[in-house]
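Undergrad: The numbering of the sequence shown is full-length UniProt numbering, which starts it at 1 and goes up by one.
Hints are computed from structural coordinates only; laboratory data are not their basis.
Since no wrong hints were added, every one of them can be taken at face value.
Straight-line Cα separation of at most 27 angstroms, DSS-like style, residue types lysine-lysine; simulated pairs:
| no. | residue 1 | residue 2 |
| --- | --- | --- |
| 1 | K262 | K110 |
| 2 | K32 | K79 |
| 3 | K137 | K190 |
| 4 | K211 | K180 |
| 5 | K173 | K92 |
| 6 | K173 | K282 |
| 7 | K3 | K262 |
| 8 | K262 | K180 |
| 9 | K9 | K270 |
| 10 | K32 | K92 |
| 11 | K282 | K92 |
| 12 | K193 | K128 |
| 13 | K262 | K79 |
| 14 | K110 | K3 |
| 15 | K128 | K262 |
| 16 | K92 | K262 |
| 17 | K128 | K211 |
| 18 | K137 | K262 |
| 19 | K282 | K137 |
| 20 | K173 | K137 |
| 21 | K9 | K79 |
| 22 | K270 | K137 |
| 23 | K128 | K9 |
| 24 | K3 | K128 |
| 25 | K137 | K211 |
| 26 | K173 | K193 |
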Amino acid sequence: MNKIELIQKLNEDFKIYMYHDVWTTFEDYTNKIQNYIHSDYQEYACGLMIDFADEISEVLTTTFITEDMFTFIKENNKKDILIFTHHPYYQKILDYSWQDAISDNIDTLKENRISIYVCHMALDFHPKYSTAFYLAKELMCVVEGRLSYEYKGLRGKVECEYYGRCIDDLFDKISEISSKAVFYQFNDIKPTKICCSPGGGNIIEIIRMAKDLGVDTYITGVSEFKGKNSISRNKNYFQQLENIGINIIGLGHYQTESLAMKALVEDYFKSFIDSVTYYENKYYI
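Please model the complete structure; the sequences and the hints are all you need to start from.
TA: This is the structure in structure tokens:
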């Protein structure tokens, strides 16, 4: 497929011009590959990040850019591909710090004519393909609505996390998604109404909004953050959760957001490109 046409389609379908994403704060990583970063990414911190491909013979969707992905590319001699990723970096399992796998593999990208397209906030807030939609679908949530929230860096207000009535076998569905779910109990209510906020969605303001809508159980990816990249560094974080009185279930960053990246293969890409594959990040398995 013609690369320019593909990128134009992605930009339009995911409305990247609406966003200024968080990744520009990772200067230690971007400075290493500054000469290779595309102007779209410089402006929006999403969209086309690295551009070495001329024609696209295959799209590879993935959740994180990990070292094992580059091993896969080398072993299978993948060339002329577009990597469509939710995150440009990968998050360590133990301390949740972000790690860069691109800069050490820039020569592989160049030699194999590979481009990287980052779709983070643009996917999370998408009206049809959002990560929250696919988590709610997997949990068989009977959707009642979406929370409307204005994020810093977002050019406009969007509806984001899904909420609605849950089914009786909620915990059976949870165990299918993640074998290492983390539970924080702040009320004694049996889950009847849930809010789905995948990834790093444990933001106090959103949790309060969910509570005001009658949500008793809040399902996210990372339920606790550590280290310098934490969004929950507030010492009173868990005290605030207790005051709100909503139960929190963390299923894992990768486990909750990989659902969307897998589904996009059939639900989106295969309608206009023949060869598209989801890459399972082995680091998280």
